[in-house]
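Chemist: The lines below spell out each chain.
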Amino acid sequence: MGISLDKENCTGCGSCESACPFGLITIIDDKASIKVEGCNLCGACQDACPTEAIKIEKAMATVTPGNDYHGVWVFAEQRNGEIKTVGCELLSKGRELADTLKTELCAVCIGHNVKGIEQLTACGADKVYLIDDPAFSNQSEDPYVAELVRLIKLYKPEIVLAGATPFGRSFFPRVAAILKTGLTADCTGLDIDTEKNLLRQTRPTFGGNVMATIICPSRRPQMSTVRPRVFKKKLMPVPPAGKIIKVDFDKAVLTSRTKLLNFVADLTEKVKLEDADIIVSGGRGLGKPENFQLIRELAAALGAAVGSSRPCVDEGWIPYSHQVGQTGKTVCPKLYIAVGISGAVQHMAGMQTSDCIIAINDDPEAPIFQIATYGIVGDLFKIVPLITEQLKNG
Amino acid sequence: MNIVVCLKQVPGTTEVKIDPNTNTLIRQGIKAIVNPFDSYALEEGVRLKEKFGGKVTVISMGPPQAADMLKEAISVGADEAILLSDMAFAGSDTLATAATLGKAAEKIKTYDLIICGRQTIDGDTGQVGPELAENLGIPFIAYVSKIEEIANGKMRVQRAVEDGYETIESPLPAVITVAKEINVPRMPSLRGLSKSRSAQIPVWTANDIAADKATIGQAGSGTWVVKVFYPQRIQHAEMIKGEPPVQAKTLVEKLREAKII
Ligand SMILES: Cc1cc2nc3c(=O)[nH]c(=O)nc-3n(C[C@H](O)[C@H](O)[C@H](O)COP(=O)(O)OP(=O)(O)OC[C@H]3O[C@@H](n4cnc5c(N)ncnc54)[C@H](O)[C@@H]3O)c2cc1C
Ligand SMILES: Nc1ncnc2c1ncn2[C@@H]1O[C@H](COP(=O)(O)O)[C@@H](O)[C@H]1O
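For the record, the sequence lines run as chains A and Z. Under our numbering, think of the first position of the first sequence as 14, with each following residue one higher. Under our numbering, think of the first position of the second sequence as 82, with each following residue one higher.
In case anyone wonders, no lab produced these hints; they're calculated from the structure. These numbers were taken from a predicted model, which means no experiment stands behind them. Where a beta carbon is used, it is the ideal one built from N, C-alpha and C, also for glycine. Mixed in with the good hints, there may be bad ones.
To be verified - The calculated DSS-like cross-link candidates involving lysine-lysine, where the alpha carbons are at most 25 Å apart (straight line), are: (1) Z:335 / A:245; (2) Z:330 / A:405; (3) Z:340 / A:246; (4) A:272 / Z:227; (5) Z:112 / A:44; (6) A:347 / Z:340; (7) A:193 / Z:188; (8) A:68 / Z:308; (9) Z:335 / A:347; (10) Z:235 / A:272; (11) A:48 / Z:308; (12) A:48 / Z:294; (13) Z:112 / A:48; (14) A:342 / Z:261; (15) Z:330 / A:347; (16) A:405 / Z:335; (17) A:347 / Z:322; (18) A:405 / Z:322; (19) A:285 / Z:227; (20) Z:294 / A:193; (21) A:285 / Z:340; (22) A:71 / Z:294; (23) A:193 / Z:190; (24) A:272 / Z:261; (25) Z:152 / A:48; (26) Z:261 / A:285; (27) A:395 / Z:335; (28) Z:308 / A:71; (29) A:209 / Z:308; (30) Z:340 / A:405; (31) Z:322 / A:395; (32) A:342 / Z:227; (33) Z:340 / A:247; (34) Z:330 / A:395.
Claimed, not checked - Which chain Z residues face chain A? A few, computed with CB under 8 Å, are given here: (35) 176; (36) 203; (37) 216; (38) 306; (39) 335.
Given the sequences, and given the hints that come with them, work out the whole structure.
Modeler: Structure below.
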């Protein structure tokens, strides 16, 4: 098991060195030297090697998943009785997966007095498993974990998806750990390998520089989280008849070890960057905090939210809640306008999946232009006010 | 109060650039750093120790080079650091990583709190913390931004959620992941530096933590990477030329035509 090098066959050509996405291979004395720790056996070097000197042996699946796992499930998260849009987005994707697998699509909704359950069937769910109880009026995780685990054990779905919301990212891994199955975070692509009937999960890694395709061959269910706005919500032209099934449960499991003592709504933080359709972001090119006013005015004209690159946050020009990027928020608006932002990988990791990207920068070589849909090379102090004016006049 | 902090060494991606010609990573100058989020976890552990007494033990699963990072942890106040390093851990996904860290925690035995970063910048999943909690069968709270109180075997913490702040109480031991707002990590002190220079970092193997081979490394992983590729950045921006007023006008027209606004 693992990765090995046949020194006889290795010509030291270096193809593997440049193929390794994680920089674990160096050529020493005309032979490849592979650091094994950190290697996830992805096979890029094996594919690149012209002399088949690299061998990768994966452990054989120790357990063959039984054929008794069927159906695609979506955990439809609610907060305060409102279903989150990401659940609908996942159902639209789940519909495709279920159709390819010729199986059923189910939504699971756990909450109390949840409004608008019909939208789950409208987005393609054949069945909705609904658990409704006052114990689920807040999001204390323990009961959610227990109930979802119980339902999965009972109905054995082959795939379970959840939104990569703060709640999803916290409670879903616990479900996976109890079921001892694989979980792939923040997938940007999901499809079915029709030969093996496996879910292929694609996600960015290494700060968005590298994409990895991941499978879960020997355990069930196959689980993934997906960030909001990655998939599109589509209403079915003819929605399935869609049964809503109220699930009974054992009240005894509903105790939570952690207790929510208090909740204070944050009224100051109005920036709903993740939900915004349009975001205008400012970077270090603005020069000083007062100049964020230009960004705010453009944002106001567009009805947009205001984002920022990290240096502006570090300098205290704008609060952290506005930061977009690897260590800030991930956004996927219809329109992202980057003003005076160079396009460092860490920034792009948080916004590169936006539908339309506009870059305004005085440096024609700025990397942001590589991912932009429209680029304007020029002085932001001249251009931005003109755009704002143009919008107001139109 | 005994605290375990989970640290991971990650490639510092500051200098990572894609070579536009070969579409591969230019790797010169990438050095390994402490996962930035984990520095907050370590700082919080050290602060709690300073307040309540006890000891901070840092654990990391990784290659032998990660020992340097663990020495750094000692220079900022960790009492002990253990490196989990073994070929048998290679190919671990979050499930197997959490299993390995869990076995190490069981061997350490006396812990009241385990602190993880909210996510790594390479794996970037944030799954190891919650999976670790479940492996140990203890409560879990994510994104903690403040520890308000610890008393009588319980802690009270604050955390930011989408629309506000929650105050949560939990019995100990527990696992938490911390958000950036929780503190400002300190620089190493002179005393710390001299302590770290002479520090020995014990290495624990799979046998040392009595790990079941089926739960660690690639065999213990649910997920397998089958392919790695570079995202295609083929889309070249349509450059809007002209004097600023023309540029502004053209842009707005294009956006309106495309019904983006
Ligand atoms: C671990 C780690 C995590 C990070 N996480 C993040 C993150 O989450 N988000 C993030 O944004 N960054 C992050 N960074 C920082 C990142 O590497 C970059 O430093 C940062 O994104 C650069 O911000 P910027 O583009 O605003 O500044 P700069 O790179 O300084 O770019 C400013 C741009 O403005 C242009 N400009 C200047 N004047 C004008 C003008 N008058 N008109 C037009 N254009 C002008 C310049 O040409 C330049 O391209 C992280 C870094 C590290 C190491
Ligand atoms: N190999 C590791 N060794 C020690 N701690 C780790 C390791 N991998 C992850 N962690 C911890 O788990 C957190 C979340 O990691 P991840 O799930 O990879 O995003 C990190 O911030 C660390 O605190």
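Chemist: State for each hint whether it applies.
Modeler: Against the structure, the hints:
Proposed proximity of residue 335 of chain Z and residue 245 of chain A is supported: the alpha carbons are some 23 Å apart, at most 25 Å. At most 25 Å may separate the alpha-carbon atoms for a hinted pair to count; residue 330 of chain Z and residue 405 of chain A meet this at roughly 12 Å. Pair hint residue 340 of chain Z plus residue 246 of chain A holds up; C-alpha atoms about 19 Å apart against a cutoff of 25 Å. Among the hinted pairs, residue 272 of chain A with residue 227 of chain Z is consistent with the structure: their alpha-carbon atoms are about 16 Å apart, no more than 25 Å.
A distance of roughly 23 Å separates the Cα atoms of residue 112 of chain Z and residue 44 of chain A; the hinted pair therefore holds under the 25 Å criterion. This hinted pair checks out: residue 347 of chain A and residue 340 of chain Z have alpha carbons roughly 11 Å apart, not beyond 25 Å. With a C-alpha separation of about 21 Å, the suggested pair residue 193 of chain A and residue 188 of chain Z falls inside the 25 Å cut-off, and the hint holds. Distance check on the hinted pair: residue 68 of chain A and residue 308 of chain Z sit about 15 Å apart at the alpha-carbon level, within 25 Å; holds.
A threshold of 25 Å between alpha carbons decides the hint, and for residue 335 of chain Z with residue 347 of chain A the separation of about 14 Å falls inside it, so the pair holds. A distance of roughly 11 Å separates the Cα atoms of residue 235 of chain Z and residue 272 of chain A; the hinted pair therefore holds under the 25 Å criterion. Distance restraint check for residue 48 of chain A and residue 308 of chain Z: the Cα-Cα separation of roughly 19 Å lies within the 25 Å cut-off, and the hinted pair is therefore satisfied. Taking the CA atoms of residue 48 of chain A and residue 294 of chain Z, the gap is near 21 Å; set against the 25 Å cutoff, the hint holds.
For the hint linking residue 112 of chain Z to residue 48 of chain A, the alpha-carbon distance of about 15 Å falls within 25 Å, and the restraint holds. At roughly 13 Å between alpha-carbon atoms, residue 342 of chain A and residue 261 of chain Z fall within 25 Å of each other, so this suggested pair holds. In summary, the hint linking residue 330 of chain Z to residue 347 of chain A is supported, as the alpha carbons are separated by about 20 Å, within the 25 Å threshold. Restraint check: the Cα-Cα separation between residue 405 of chain A and residue 335 of chain Z comes to about 16 Å, which is no more than 25 Å; the hinted pair holds.
For a cut-off of 25 Å, the pair hint linking residue 347 of chain A to residue 322 of chain Z stands: about 23 Å separates their Cα positions. For the given pair, residue 405 of chain A sits about 22 Å from residue 322 of chain Z by alpha-carbon distance, which is consistent with the 25 Å threshold. Under the criterion of a C-alpha separation no larger than 25 Å, the hint pairing residue 285 of chain A with residue 227 of chain Z is consistent with the structure, at around 23 Å. Our distance criterion of 25 Å between C-alpha atoms is met by residue 294 of chain Z and residue 193 of chain A, whose separation comes to about 14 Å.
For the proposed pair residue 285 of chain A and residue 340 of chain Z, the alpha carbon gap of about 23 Å is at most 25 Å, so the pair holds. Using a Cα cut-off of 25 Å, the hinted pair residue 71 of chain A and residue 294 of chain Z holds, with the two alpha carbons roughly 14 Å apart. With a C-alpha separation of about 23 Å, the suggested pair residue 193 of chain A and residue 190 of chain Z falls inside the 25 Å cut-off, and the hint holds. Simply put, residue 272 of chain A and residue 261 of chain Z have alpha-carbon atoms about 23 Å apart, close enough for the 25 Å limit, and the pair holds.
Distance check on the hinted pair: residue 152 of chain Z and residue 48 of chain A sit about 22 Å apart at the alpha-carbon level, within 25 Å; holds. Restraint check: the Cα-Cα separation between residue 261 of chain Z and residue 285 of chain A comes to about 19 Å, which is no more than 25 Å; the hinted pair holds. Of the supplied pair hints, the one linking residue 395 of chain A and residue 335 of chain Z holds, its CA atoms being roughly 19 Å apart against a limit of 25 Å. Between residue 308 of chain Z and residue 71 of chain A the alpha-carbon distance is near 14 Å, which keeps this suggested pair within the 25 Å criterion.
Distance check on the hinted pair: residue 209 of chain A and residue 308 of chain Z sit about 16 Å apart at the alpha-carbon level, within 25 Å; holds. Under the criterion of a C-alpha separation no larger than 25 Å, the hint pairing residue 340 of chain Z with residue 405 of chain A is consistent with the structure, at around 17 Å. For the suggested pair residue 322 of chain Z and residue 395 of chain A, the alpha carbons sit about 14 Å apart, so the restraint of at most 25 Å is met. Of the pairs offered as hints, the one joining residue 342 of chain A and residue 227 of chain Z holds, with about 20 Å between alpha carbons and a cut-off of 25 Å not exceeded.
Taking the CA atoms of residue 340 of chain Z and residue 247 of chain A, the gap is near 19 Å; set against the 25 Å cutoff, the hint holds. Of the pairs offered as hints, the one joining residue 330 of chain Z and residue 395 of chain A holds, with about 13 Å between alpha carbons and a cut-off of 25 Å not exceeded. For residue 176 of chain Z, the shortest C-beta to C-beta distance to chain A is roughly 6 Å, which falls under 8 Å, so the interface hint holds. A cut of 8 Å between beta carbons decides the hint on residue 203 of chain Z: the least distance to chain A is about 6 Å, and the hint holds.
Residue-level restraint check for residue 216 of chain Z holds (minimum Cβ-Cβ distance to chain A is 6 Å; threshold 8 Å). With a cut of 8 Å, the hint placing residue 306 of chain Z at the interface with chain A holds, because the nearest CB-to-CB distance is about 4 Å. Against a cut-off of 8 Å between C-beta atoms, the interface hint on residue 335 of chain Z holds, since the closest Cβ of chain A lies about 7 Å away.
Comparing the model with each earlier hint shows no violations; every hint is respected.
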